[in-house]
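The lines below spell out each chain.
Number of protein chains: 2
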Amino acid sequence: MSDENDKKWFDKKISRRDFLKKAGMVGAGAAIGASGAGAIFANMFSGKANQVVGNEEISFYGEHQSGIATPVQKNVYFAVLDLHSTDKEEIKQMFKDWTDYSEKLMKGELVAPELANHLVPPLDTGETVGLNPYRLTITFGISPSFLDKLKLDNKKMEEFKDLPHFPRDQIKDKYKGGDICIQACADDAQVAFHAVRNLVRKGRALITLKWTQAGFLPIGNGKETPRNLFGFKDGTENPKNNNDFKNVVWYDKNNWLKNGTFLIVRRIQMHLETWDRTNLQEQENTFGRYKESGAPFGETDEFATIDINKKGPDGKPVLPIDSHVYLAKKADVKIARRAFSYSNGIDEVSGQFDAGLLFICFQKHPDQFIKIQNSLGNDDKLNEYITHVGTGIFACFGGIKKGEYIGQKLFE
Amino acid sequence: MSDENDKKWFDKKISRRDFLKKAGMVGAGAAIGASGAGAIFANMFSGKANQVVGNEEISFYGEHQSGIATPVQKNVYFAVLDLHSTDKEEIKQMFKDWTDYSEKLMKGELVAPELANHLVPPLDTGETVGLNPYRLTITFGISPSFLDKLKLDNKKMEEFKDLPHFPRDQIKDKYKGGDICIQACADDAQVAFHAVRNLVRKGRALITLKWTQAGFLPIGNGKETPRNLFGFKDGTENPKNNNDFKNVVWYDKNNWLKNGTFLIVRRIQMHLETWDRTNLQEQENTFGRYKESGAPFGETDEFATIDINKKGPDGKPVLPIDSHVYLAKKADVKIARRAFSYSNGIDEVSGQFDAGLLFICFQKHPDQFIKIQNSLGNDDKLNEYITHVGTGIFACFGGIKKGEYIGQKLFE
Ligand code: HEM
Ligand code: HEM
Numbered sequence: 001m002s003d004e005n006d007k008k009w010f011d012k013k014i015s016r017r018d019f020l021k022k023a024g025m026v027g028a029g030a031a032i033g034a035s036g037a038g039a040i041f042a043n044m045f046s047g048k049a050n051q052v053v054g055n056e057e058i059s060f061y062g063e064h065q066s067g068i069a070t071p072v073q074k075n076v077y078f079a080v081l082d083l084h085s086t087d088k089e090e091i092k093q094m095f096k097d098w099t100d101y102s103e104k105l106m107k108g109e110l111v112a113p114e115l116a117n118h119l120v121p122p123l124d125t126g127e128t129v130g131l132n133p134y135r136l137t138i139t140f141g142i143s144p145s146f147l148d149k150l151k152l153d154n155k156k157m158e159e160f161k162d163l164p165h166f167p168r169d170q171i172k173d174k175y176k177g178g179d180i181c182i183q184a185c186a187d188d189a190q191v192a193f194h195a196v197r198n199l200v201r202k203g204r205a206l207i208t209l210k211w212t213q214a215g216f217l218p219i220g221n222g223k224e225t226p227r228n229l230f231g232f233k234d235g236t237e238n239p240k241n242n243n244d245f246k247n248v249v250w251y252d253k254n255n256w257l258k259n260g261t262f263l264i265v266r267r268i269q270m271h272l273e274t275w276d277r278t279n280l281q282e283q284e285n286t287f288g289r290y291k292e293s294g295a296p297f298g299e300t301d302e303f304a305t306i307d308i309n310k311k312g313p314d315g316k317p318v319l320p321i322d323s324h325v326y327l328a329k330k331a332d333v334k335i336a337r338r339a340f341s342y343s344n345g346i347d348e349v350s351g352q353f354d355a356g357l358l359f360i361c362f363q364k365h366p367d368q369f370i371k372i373q374n375s376l377g378n379d380d381k382l383n384e385y386i387t388h389v390g391t392g393i394f395a396c397f398g399g400i401k402k403g404e405y406i407g408q409k410l411f412e
Numbered sequence: 001m002s003d004e005n006d007k008k009w010f011d012k013k014i015s016r017r018d019f020l021k022k023a024g025m026v027g028a029g030a031a032i033g034a035s036g037a038g039a040i041f042a043n044m045f046s047g048k049a050n051q052v053v054g055n056e057e058i059s060f061y062g063e064h065q066s067g068i069a070t071p072v073q074k075n076v077y078f079a080v081l082d083l084h085s086t087d088k089e090e091i092k093q094m095f096k097d098w099t100d101y102s103e104k105l106m107k108g109e110l111v112a113p114e115l116a117n118h119l120v121p122p123l124d125t126g127e128t129v130g131l132n133p134y135r136l137t138i139t140f141g142i143s144p145s146f147l148d149k150l151k152l153d154n155k156k157m158e159e160f161k162d163l164p165h166f167p168r169d170q171i172k173d174k175y176k177g178g179d180i181c182i183q184a185c186a187d188d189a190q191v192a193f194h195a196v197r198n199l200v201r202k203g204r205a206l207i208t209l210k211w212t213q214a215g216f217l218p219i220g221n222g223k224e225t226p227r228n229l230f231g232f233k234d235g236t237e238n239p240k241n242n243n244d245f246k247n248v249v250w251y252d253k254n255n256w257l258k259n260g261t262f263l264i265v266r267r268i269q270m271h272l273e274t275w276d277r278t279n280l281q282e283q284e285n286t287f288g289r290y291k292e293s294g295a296p297f298g299e300t301d302e303f304a305t306i307d308i309n310k311k312g313p314d315g316k317p318v319l320p321i322d323s324h325v326y327l328a329k330k331a332d333v334k335i336a337r338r339a340f341s342y343s344n345g346i347d348e349v350s351g352q353f354d355a356g357l358l359f360i361c362f363q364k365h366p367d368q369f370i371k372i373q374n375s376l377g378n379d380d381k382l383n384e385y386i387t388h389v390g391t392g393i394f395a396c397f398g399g400i401k402k403g404e405y406i407g408q409k410l411f412e
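Listed in order, the protein sequences are those of chains A and B. Numbering follows this note's numbering, in which position 396 of the first sequence is assigned residue number 396; successive positions increment by one, without gaps. Numbering follows this note's numbering, in which position 32 of the second sequence is assigned residue number 32; successive positions increment by one, without gaps.
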């Protein structure tokens, strides 16, 4: 066995991108295909040898955490973790380590390539070597039970508590609660998974996995609102500029959560078979929007302003009063939705596709979500086609500057 | 409700791409961002307004089915179906319909957009409207039980039977058997899922879902062999040109399977936690290749030829004799591997990531796989880190010409 070659893995600080550069894949020129890559794995982009895929990078640092106002990526890997330790110092150290890891991961580097010992496990699991950052974002949040377990009583806030039971909820214990959430989003599924895997691995002695879910979005060229698995554009009515985010999303009281936000996650099964048997008129009535254009009833532009009180020539409301959009708007508050579709194989009970929406939204006060969900809970026509099976609320810290660590304001 | 606008969905033949063109997203010029798309969903490719994503298209027609020798895509959705009917004529019609659907899907069209009745369910589920083809391929196969159920006794072949039990197999009933497989691969997860969903929906009266699995590959810019979840390049030693495919993959006897091939699928759990605790030397010894470069022991080039009989200066074999590559090579036959990684949330027993390899390979004779798996079964060091939980063998028909339907030679 050649020790020479072998040690390469350790002896230098490999960034995933340096590696790419080394291999001649970034920038102009090199024809790697010539090295003999197998037919199955090569020439996918034949004739576009210099195309650079996934080279856009997002900084871990800033006023707010990334992955909240960041334009959506193609993939998410979302993880909910339970604390295994109640030692504040240990947990603090974990968040310091996670800060260090996240910065590297989002740059497209390995988490710790400098290890030089052949006889210990590699610190980075290595499945992203050679890959660009793919706009990876990593977003951390903690739940009310986190504050309880670490006895951070003076950090509690009245509004930060477990979500109430909503009408028609069928929440499963395994998809409920948890102490920490990590949301990793990227334009490559393996990059997102790799991030969570390595963060969890670093914290292994202090945490266990509660539930995780991978999700995807057909973002196309990034100019169109992506469609959900019911075939409707999903995400049209959302904060559009900094001012909207300021009003809707960013927590602005002067405490540890400043510049952070509340993340609410709902794991929602979508009964595709039932939906697919529903006629188009019913489908559109369910949302109060047209399927192809995404425009609200009575309009042609997807982004037309909606007045739920508007009546048609027949004196009836233009939007059906049991439609999803009517009821969501009726609550008269806003949230920022950043949901992903999922498909998990077959549901063992129904024998149908186990698919749905990993609904994630952000708001400066949990009541924004609660009001909307209460408005939807009983009356939403959409309820015939969906079941909420998982739930969680997490406070996502504000952003940090280089030299600080994520969650610092909570611990200090 | 505006009937005008509403009918748009039906009144014309929308192809997903026409739709794109209509929206000004193909080719030069239009600044769709200006239409007011939400901050979260827009400007992902800001500054690259004219970039065309996923516009490469693969034909359903040809000497062989696509998705076999096609360079791998980012995503797979793999489905195994059970027959619910034994009426040969009905099943034949289903394959005719599937041929029609597949041609359209792979072109980036909806399966049947010409429906003009508002009061029936849309024939296409619609979640890919506006999306390019993303190199979608659809590959169909049937199992030995398919021939039994349809009493196609004169089409049986001696070599086409259920796989034997292999050493250490822990196959679960739910991931075993099945009558038909559909493999949809694309560079977008929703495009792959949409294809299977609509094909299954079309055949709904005649089939049920047995098991499905979504998978992914970090194909980067398509020039590098993608890495699996153990961090190793996976797919290096594979057919590289038409001649290799001819020798290894394409069935060439003069019967209904001519120009087709045998697909073998193995659902293989990978115990990431155990692997991640293993030192690098052990990891590399497991495969007989270096982790970073992918080169075989004693070499520096990933694609260097391997001689398993080669001895080092110490007189010992250069490749450990219990390594995966040593044992695979020792079987002295070749197969074409086209595997994808999967990650399914948490394994309820271990509490660890439920992740692994959706191992798919193609060969002209099942014995090619059987020989290799028997060689690996008892001795492969890799067995410490993996468990085979699912299995299947399917005969994938040869390709067809326009006007023919998939499987025609079997039925006629
Ligand atoms: C599987 C479940 C769900 C599906 C398929 C779904 C789908 C949609 C669709 C298609 C729209 C219209 C386009 C848009 O503005 O994005 C919409 C709007 C909206 N949805 Fe949902 N949604 C789901 C669950 C929820 C939940 C749980 C909430 C929050 C409690 C929610 C809140 C909203 C809001 C606030 C709007 C915007 C309404 C407006 O002001 O126009 N949705 N949803
Ligand atoms: C999770 C399970 C598996 C993993 C992680 C895995 C991984 C790998 C890796 C990293 C290589 C070396 C690079 C390459 O040539 O692609 C390899 C080679 C190979 N594997 Fe696997 N493999 C798995 C299962 C299987 C199975 C089930 C078979 C077939 C029975 C198989 C057959 C082969 C063959 C034929 C080679 C090429 C050997 C050569 O001629 O160099 N592998 N595998």
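Worth flagging that the hints you see were computed from the coordinates, not collected in a lab. From a predicted model like this one, the values you see are computed outputs, not experimental measurements. Be aware that one or more of the hints could be misleading.
[Unchecked claim] Here are some, though not all, of the chain A residues that point toward chain B, as calculated from beta-carbon distances under 10 Å:
(1) Y134
(2) H165
(3) T387
(4) G399
[What the hints assert, rightly or not] To list a few chain A residues with every Cβ distance to chain B over 12 Å, as calculated:
(5) T125
(6) G177
(7) K210
(8) E224
(9) K291
Even for Gly, the Cβ is constructed at its ideal location relative to N, Cα and C.
Verification of the hints:
no.	hint	result
1	Y134	holds (9 Å)
2	H165	violated (24 Å)
3	T387	violated (17 Å)
4	G399	violated (17 Å)
5	T125	violated (5 Å)
6	G177	holds (14 Å)
7	K210	violated (8 Å)
8	E224	violated (5 Å)
9	K291	violated (5 Å)
The structure fails to meet hints 2, 3, 4, 5, 7, 8 and 9 from the earlier list, while all remaining hints are met.
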